[in-house]
Amino acid sequence: MTNEWDGLTHDYTRKRGIVHSEIILPSHVPPEFQDRNTLWNSVEMVEKTRDAQLAREIEISLPVELNREEQLQLARSFIRDTFVAAGMCADFSIHDKKDGNPHFHVMLTIRPLKENGQWGAKCRKVYELDENGQRIPNGKGG
1 MTNEWDGLTH DYTRKRGIVH SEIILPSHVP PEFQDRNTLW NSVEMVEKTR DAQLAREIEI
61 SLPVELNREE QLQLARSFIR DTFVAAGMCA DFSIHDKKDG NPHFHVMLTI RPLKENGQWG
121 AKCRKVYELD ENGQRIPNGK GG
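Each residue of the sequence shown is one higher than the last, beginning at 1 in the working numbering.
Misleading hints may appear alongside valid ones.
[To be verified] Taking CB as the label site, the calculated pair distances span:
{"#": "1", "residue 1": "D81", "residue 2": "K114", "range": "16 to 22 Å"}
{"#": "2", "residue 1": "E57", "residue 2": "R16", "range": "14 to 20 Å"}
{"#": "3", "residue 1": "C123", "residue 2": "K97", "range": "31 to 37 Å"}
{"#": "4", "residue 1": "I136", "residue 2": "V64", "range": "26 to 32 Å"}
{"#": "5", "residue 1": "G117", "residue 2": "K97", "range": "34 to 40 Å"}
[As the list claims (entries may be wrong)] Under the rule of at most 20 Å between Cα atoms (straight-line distance), these lysine to aspartate or glutamate pairs were calculated in the DMTMM-like manner:
{"#": "6", "residue 1": "K97", "residue 2": "E70"}
{"#": "7", "residue 1": "K114", "residue 2": "E44"}
{"#": "8", "residue 1": "K98", "residue 2": "E65"}
{"#": "9", "residue 1": "K114", "residue 2": "D35"}
{"#": "10", "residue 1": "K122", "residue 2": "E44"}
{"#": "11", "residue 1": "K97", "residue 2": "E22"}
{"#": "12", "residue 1": "K98", "residue 2": "E69"}
Just so you know, the hints here were simulated from the structure itself, not pulled from any lab data.
The C-beta atom is built at its ideal place from N, Cα and C for all residues, glycine as well.
Whenever a hint applies, use it, and build me the whole structure from the sequences.
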């Protein structure tokens, strides 16, 4: 992957234990954002400062009792329902080094991609949600 902002190339092909990688986008996002170079270079180019936060990363364990297809469906469902439904673009990989700890990493855009193809305002707050997906008040107005 080549970073257009600084010209550096990042090679993740030798990363071990990756059994699946995928990008999940909101339905209104143009299909060209399925390409990692396009997605992450677009994220980087919209920022004005060198030290801008571009994404958030979350790592989540997967149940060893599930087979690979069930783990994949669980990860996809969680990502779609929790993040993509809120307008975020998600780039995830399932890792399994055969050490009893299958898990996935998901990189999420800080800015939502609007229906017109433009990046929206940053949303740094991530709220705790109840079992119905509703925000849990924290007593501080959030």
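Open item on the list: Would the hint linking K97 and E70 be met if the CA-CA limit is 20 Å?
Closed with: The given pair, whose Cα atoms are some 18 Å apart, holds under the 20 Å limit.
Task: Proposed proximity, E22 with K97 (alpha carbon, max 20 Å) - done: The given pair, whose Cα atoms are some 18 Å apart, holds under the 20 Å limit.
Open item on the list: So if I understand the rule, the pair passes when the alpha-carbon distance is 20 Å or less; does K98 with E65 pass?
Closed with: holds, 13 Å
TODO: Note whether the CB distance of G117 and K97 lies within 34 to 40 Å or breaks it.
DONE: For K97 against G117, whose Cβ atoms are near 38 Å apart, the range 34 to 40 Å holds.
Task: Supplied distance hint 16 to 22 Å, evaluated on CB atoms of D81 and K114 - done: holds, 20 Å
Task: Verdict for E57, R16 (Cβ pair) under range 14 to 20 Å - done: holds, 18 Å
TODO: Starting from the hint 31 to 37 Å, judge whether the C-beta atoms of C123 and K97 obey it.
DONE: holds, 33 Å
Open item on the list: Need the status of pair K98, E69: alpha-carbon distance at most 20 Å?
Closed with: Distance ~16 Å between K98 and E69 Cα, so the pair holds.
Open item on the list: If I claimed the Cβ atoms of I136 and V64 lie 26 to 32 Å apart, would that claim hold in this structure?
Closed with: Given about 29 Å between the Cβ atoms, the range holds.
Open item on the list: So if I understand the rule, the pair passes when the alpha-carbon distance is 20 Å or less; does K114 with D35 pass?
Closed with: Answer holds: K114 to D35 is near 18 Å, not above 20 Å.
Task: Pairwise hint evaluation, E44 against K122, where the allowed Cα distance is 20 Å at most - done: Holds - the C-alpha atoms of E44 and K122 are around 13 Å apart, at most 20 Å.
- [ ] Would you check the hint for K114 and E44, treating anything up to 20 Å between C-alpha atoms as holding?
- [x] holds, 16 Å
This entry satisfies every hint, going by the numbered hints stated previously.
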